[in-house]
Amino acid sequence: MTAALIGKSVSRVDGRLKVTGAATYAAEFEVPNLAHAAVVRSIAANGRIAIDTAKAERAPGVIAVVTHRNAPRLAYQPHKGLPDAAVGERLHVLQDDRVNHQGQPIALVVAETLEQAVYAAQVVRVTYRNEAAATDMESVDPVLPTGKPAEWEIRRGEPDSAFEQAEFRVDQTYVIPRENHNPIEMFATIASWQDNSLTLWDKTQWVHNVAEEIAAVFGIAADNVRVISPFVGGAFGSGLRCWPHVTLAALGARVAGRPVKLVLSRREMYYGVGYRPHTVQRAALGASRDGQLHAIRHEGFQETSTYEEFTEALLSATRFLHSCPNVHTRHRIAPMNVHTPTYMRAPGEASGMYALESAMDELAVALNMDPVELRLRNEPDRDEFKDLPFSSRSTKECYRAAAERFGWAQRNAAPRSMRDGRWLIGWGMASATYPMNYAPASALARLLPDGTAEVMSAASDMGPGTWTSMTQVAADTLGLPIERVKFTLGDTRLPRAPIHGGSMTMASVGSAVQAACRKARDEALARADANEIEEAMKRLGQVIEATADVAPGDETKRFSMHAFGAVFVEVAVDPDLGETRVRRMVGAYGAGRVVNPKIARSQCIGGMIGGIGMALMEHSVVDPRNGRVTNANLAEYAVPVHADAPPVMDVIFVDEHDPHVNPLGVKGLGEIALVGVAPAIANAIFHATGKRVRELPITPDKLL
Amino acid sequence: MHPFVLERPRDLSAALSFGAQAGRNDAPVEYIAGGTDMVQLLQEYVRRPDRLVSLAGVLDDGIEIGSQGLRLGAAATMAEVATHQAVVERFPLISQALLNSASPQVRNQATMGGNLLQRTRCPYFRDVGYEACNKRAPGSGCAALDGENRWHAVLGTSDDCIAVHPSDLAVALVALDASVEIRGAGGDRSVPLSDLHRLPRDTPHLETVLEPGEVITAITVPANAAGLRSHYLKVRDRASFEFAVVAAAVAIEMDGARIRQARVALGGVGTKPWRLPNVEAALAGAEFEPAALRQAAALAAEGTQGRGHNDFKIELMQRAIVRAVEIAGARA
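Order-wise, the sequence lines are chains Y and X.
Under our numbering, the residue at position 502 of the first sequence is numbered 502, and the numbers go up by one with no gaps.
Going from the second sequence to our numbering is simple: count from 1 and add 1000.
Check the hints yourself; a few may be wrong.
Here are the simulated distance ranges between beta carbons [as the list claims (entries may be wrong)]:
{"hint": "1", "chain 1": "X", "residue 1": "LEU1012", "chain 2": "Y", "residue 2": "LEU34", "range": "37 to 47 Å"}
{"hint": "2", "chain 1": "Y", "residue 1": "ARG422", "chain 2": "X", "residue 2": "ASP1159", "range": "50 to 60 Å"}
{"hint": "3", "chain 1": "X", "residue 1": "GLY1062", "chain 2": "Y", "residue 2": "ALA643", "range": "26 to 36 Å"}
Just some of the chain X residues that point at chain Y, by a computed CB distance under 7 Å [said to hold, decoys possible]:
{"hint": "4", "residue": "LEU1042"}
{"hint": "5", "residue": "TYR1045"}
{"hint": "6", "residue": "GLN1105"}
{"hint": "7", "residue": "ALA1132"}
{"hint": "8", "residue": "GLY1147"}
{"hint": "9", "residue": "ARG1238"}
{"hint": "10", "residue": "GLU1242"}
{"hint": "11", "residue": "GLY1306"}
{"hint": "12", "residue": "ARG1307"}
{"hint": "13", "residue": "GLY1308"}
{"hint": "14", "residue": "PHE1312"}
{"hint": "15", "residue": "GLU1315"}
Quick caveat, the hints were computed from the structure, so don't treat them as lab data.
In this text the structure is predicted, and so the values were computed from the model without any measurement.
C-beta: ideal position from N, C-alpha, C; glycine also.
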């Protein structure tokens, strides 16, 4: 028997491939006779276009210039994948002369080389008949999304009167700008048709959705679309949807009659895929002197496009995180001439919790109460929104463990009370939460006579370590040494996996892998009449194969299931120059079982550093005059670099056994580590300086 | 990317014969050295030369220190200069400015001459999706004036352009009275670095005084700049690999508790590297104490013009000067 592998800090099985450059990303597949594509994008936010392609068509190496005038009419059959907006219709490309946002694709050039394609795209002449465009969110009246108003405006108790009567009140507005995911790998697709079958090598977080979406767009059977995506160089949610460039690549390949590769430029990454929407939130808290919350009113609105109503879980956590009898949340959208936003790491929660947990800190200051104590006094014993018990909830343990590791007891509550030379030192904290998601998943396990195993599921690994953790689960379940197990993902020919997002991959795919391996192992042992798997496989001398499908049961009806956490930070602020440096971060998470502590820690550190970006620097600066993103590059859009990561980063996984969530007992870690970081930093900056900044990012100009 | 021919001349005189012109968008021939900025501009279709003349291997890359001062060959890389022992010891301001610039990879590739001639980071200049940019298309207007101008200049601006000069190196060099040696078809000349870049006025598309064909061959820094107490202070939106929000290059000579002489230049706020003689005059003879430093630094605000999002720079740059002088003065 081998030692248990689940729970062990196994190094990444794909680590060597990645650091030696041997991992093959979407743009790197060698496909014979490949042509290259470049996209012409709108520089108007709304209007009609006329296109003159004569010069582009004559440019060297050009194979085709596709516009709305000559593009094949695409089927665009109805298809809504999980990451698509529930209301509205996806962007159709090159089907008419209308543009409704900056950066909308309006022509596609296919040429022999990338340089030729890019040049020809640059000489396509476009004239615009501009129409009035909504590009300034301040001038757009937010509206409730389509659907039942009760879904968007939720009330329990008497929040208005309770707030008015509350002895202590906080009522503030918090603003988060648009943010872009900015993965280092650009989106890329290689499309190759054979008769009516299409192969796509694509950067995606969900191969099956790409196949189904493209099949619907072209009016072919999804079985005829194969999507291959073994490695993803970061995505953070940007690869959840199937974006229009995938259609463009397939369209280009069809028109050119050759395989076509399309890689977005960094500037195009700000127009061709979604982003975390700009949000404006008002959070009002009312409490009594003892810190008991009597009222929470939290409303927010966010930008979305004119053609789809994107919404995220902005206000969800507010309804259950803290105990409060009177709660009002209202979620609205501001439809604008922009492209549709999308999910970005901890979508909704990261934004909503910035407002809620900042307001909690403001309330703690008003009450002259320790912010941890304030939260402890409002710790609910069940989900008061769903009126269900939590399957498990380790908030108290997270506060305690993180506070102890951090040394929170030494904190002097007075702002500007701690210094290190010129630097003002501040300590701040916030809570974190993210739902436990578990979706149907399938896996196949194949035991070979040579004592090795192949296990597979069409999952994705954008960086959290799916390759490794699934290999661990499989080897652990089969009872084989890890090097005897080969896990494969990222291909629609493999058993279906759910979307690689919402922190659900371990819960879902992990449970399927476990189930398939258990089945295969049991069958091998039974058929060989053996007790030991390697012996059984040798004795059988034939392949044993098992597939398993897992799906959630009725747990969601019986329990409220979330991961919880707490994050504590120390910042240093230069009061003269306005610069903030994060010096220490401690995150404690109750996230169920941790399959690989080493990779889990790495994932949490990544999320926490992402939170530094959100708090201090990330901002897609949209020109309100026309909707262009002025800093659509990695020089002016700042994300944290190594020098921004604090020297001390502690991640604590509190012991949590949750038998209800899913067979593996995991809650997911991808998102929660980003949640709470921005408010914790903002709260620490207040503690350091006495200045409350309610608009992210907190750049030096806001602290002068 | 506009198709171009890459010329690889064997020596400098062959390079000069192509008549390349730096810093003009309508120039059909341009030089390329390290390429760290040029390649971005080519990719973004901002620069569209028909011909690129490579300076690789034809320019001096030496670093010399002698009785005349410091001489940096135009082809010396940022990394080589930043870590050169004599530069670190005698002209630490230059080393600091370089090490606060870009990333190690960029510094290994980018050259001295190219650094001085890098183009502004103004997003409206770099995005051809904006039609209005007087620097890119003379007479087309300036989208930054009433646009997203947090990055933009408050000194040396005009109604036609408020783009900031992005170089840190140039700020340090201006403070140290550096000059550039220039070679052209008409021979050699030397230009004080403070005169290399033009103010935008109503011709923002003309960025330097370089004539067609002329190339920067070296940077010289007079010996009298050596040994001053100095500090390069850079305020930015993240800890590394980012252009300045405000930068201050300061070199001072102390006389007991007083400042005998001071050189002060600013980055991130000017349409060109910005020397502040009025602040220097006020610092000369001033007591080395906060109130006196603040009073002198306040003179930096003379002639500033904010455009909204960048108003904060006027206050921040004064504080940056004070801090840089304090740090420089505290150095043994």
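Hint check results:
no.	hint	verdict
1	X:LEU1012 - Y:LEU34: 37 to 47 Å	holds, 41 Å
2	Y:ARG422 - X:ASP1159: 50 to 60 Å	violated, 39 Å
3	X:GLY1062 - Y:ALA643: 26 to 36 Å	holds, 31 Å
4	LEU1042	violated, 10 Å
5	TYR1045	holds, 5 Å
6	GLN1105	violated, 12 Å
7	ALA1132	violated, 11 Å
8	GLY1147	holds, 6 Å
9	ARG1238	holds, 5 Å
10	GLU1242	holds, 6 Å
11	GLY1306	violated, 11 Å
12	ARG1307	violated, 14 Å
13	GLY1308	violated, 12 Å
14	PHE1312	holds, 4 Å
15	GLU1315	holds, 6 Å
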